[in-house]
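Using the sequences plus the hints, can you model the full thing?
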Amino acid sequence: MMDVGRHPNIELLTYAEVEDISGYVGNFKVRVRKKARYVIEDECTACGDCAVVCPVVVPDEYQMGLGSRHAVYIPFPQAVPSAYVVNAEECMGQNPIACGKCIEACEKNCIDFDMEDELLDLEVGAVIVATGMDVYDPTALDEYGYTRFPNVITSMEFERLISTGGPLEGHLARPGDLTRPKRIGFVQCVGSRTQDPERGNPYCSNICCMNTVKAAQYLKDNYPDSEVSVFYMDLRAFGKGFEELLMRSRSSGVRYIRGLPGEVREDPATGNLRLTVENTTANRLEQHEVDMLVLAVGATPATDTETIRRMVSLSKAPSGFLKEAHAKLRPVDTPTKGVFIAGAAESPKDVRESVTQASAAASHVNILLNKGDLRVEAITAVVDEDLCKKCG
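With the first letter of the sequence shown counted as 1, position 341 gets the number 341 in the working numbering; the numbers rise by one all the way through.
Worth double-checking, as some hints may not be accurate.
Here are the simulated DSS-like pairs of lysine-lysine, each with C-alpha atoms no more than 27 Å apart in a straight line [to be verified]:
hint: 1; residue 1: Lys390; residue 2: Lys328
hint: 2; residue 1: Lys220; residue 2: Lys29
hint: 3; residue 1: Lys323; residue 2: Lys389
hint: 4; residue 1: Lys316; residue 2: Lys390
hint: 5; residue 1: Lys337; residue 2: Lys316
hint: 6; residue 1: Lys337; residue 2: Lys371
hint: 7; residue 1: Lys240; residue 2: Lys323
hint: 8; residue 1: Lys35; residue 2: Lys108
hint: 9; residue 1: Lys316; residue 2: Lys389
hint: 10; residue 1: Lys101; residue 2: Lys34
hint: 11; residue 1: Lys29; residue 2: Lys390
hint: 12; residue 1: Lys101; residue 2: Lys35
hint: 13; residue 1: Lys328; residue 2: Lys240
hint: 14; residue 1: Lys316; residue 2: Lys328
hint: 15; residue 1: Lys323; residue 2: Lys29
hint: 16; residue 1: Lys29; residue 2: Lys316
hint: 17; residue 1: Lys371; residue 2: Lys323
hint: 18; residue 1: Lys240; residue 2: Lys182
The set of hints was computed from the structure by calculation and includes no laboratory data.
See below:
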């Protein structure tokens, strides 16, 4: 991210969103709204004095709600630019004006509540759509007790708990009572590989299995006395080094149990969780007790993907992700010439796959724009108003 921010040929527009895309290959017109951050980026030194005096405290999205932040904040430690931003809605709430404590605390006079949103009209030759993905919300899966039992968390929340930059600074503890859990269970395919639309999505989310294997191995490396159990349907370790990591975790003592919990109950006295699992390998019903349960949630299309898709007339797969022109021969191209896709906008991917596809998309753009002259088909679309149902 810092390399991108410092590159002389890259203009990075942060805290901005695309409002409209029109035109054609070689001549796209993009309208971008750069939101007012109420902090002068070039003057801010990220000293944090403004956040210290800010009286507004809200849940921190970056910490998955497990930590808190102020209304003036840096989204995450490595954010570019390294400057604070004021969330106006959180800052003022129902009040007509801000309290002004951050203005008084800032010696550089960086706070400017007179800032307004800025509309930018850009002319570009090609567009790469890389809107990423979101994670599935398992609240609807009542049998797992997510949000009902404090010691049932998602894989994303677990990542923040064990991170040195997380709310507990890397010290493992369960949210319910902040004690260290010794028995930890992982449930796979939460929100994935189901034919019931009310319980998730039919596709495999690709990243969940190895994310769990990595987390389980982390626990055994750093907390050798931990008892780690993984409840799964199928384990898909198909990438470079994936099978070796899976075998390493097995040899470290991680238990892999083929079967998903049908019921999760909480012991009110201890906060521990009791799982009823049908072990399909041993063909028996088992009871397991864990101190903390981690749900390996699947991936879903990013919320902005549909908006961007309509702007540039892209196809959509049944999964909701963007559809490529050809799965094997043109994996980063789209039916709209000059528009390419990369990363998890096309399907759930890990970092390695996303970087590979992004490099391919950038290469395609470079080849396209260096041609000089572009040959286009002389085809004009005409709408038959008598047949059009205006279905959208």
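Now for the hints, and whether the structure bears them out:
1. Lys390 / Lys328: Measuring from Cα to Cα gives roughly 34 Å; hence the hint is violated.
2. Lys220 / Lys29: 52 Å, violated
3. Lys323 / Lys389: Holds, at roughly 25 Å.
4. Lys316 / Lys390: Holds: lysine 316 and lysine 390 sit about 19 Å apart, inside 27 Å.
5. Lys337 / Lys316: 16 Å, holds
6. Lys337 / Lys371: 14 Å, holds
7. Lys240 / Lys323: Measuring from Cα to Cα gives roughly 25 Å; hence the hint holds.
8. Lys35 / Lys108: 22 Å, holds
9. Lys316 / Lys389: 21 Å, holds
10. Lys101 / Lys34: This hinted pair holds, its Cα atoms lying about 25 Å apart.
11. Lys29 / Lys390: Distance of about 26 Å is within 27 Å: holds.
12. Lys101 / Lys35: 22 Å, holds
13. Lys328 / Lys240: With a Cα-Cα distance of about 20 Å, the restraint between lysine 328 and lysine 240 holds, given a limit of 27 Å.
14. Lys316 / Lys328: 17 Å, holds
15. Lys323 / Lys29: Measuring from Cα to Cα gives roughly 23 Å; hence the hint holds.
16. Lys29 / Lys316: 23 Å, holds
17. Lys371 / Lys323: Holds - the C-alpha atoms of lysine 323 and lysine 371 are around 26 Å apart, at most 27 Å.
18. Lys240 / Lys182: 31 Å, violated
The earlier numbered hints that this structure contradicts are 1, 2, 18.
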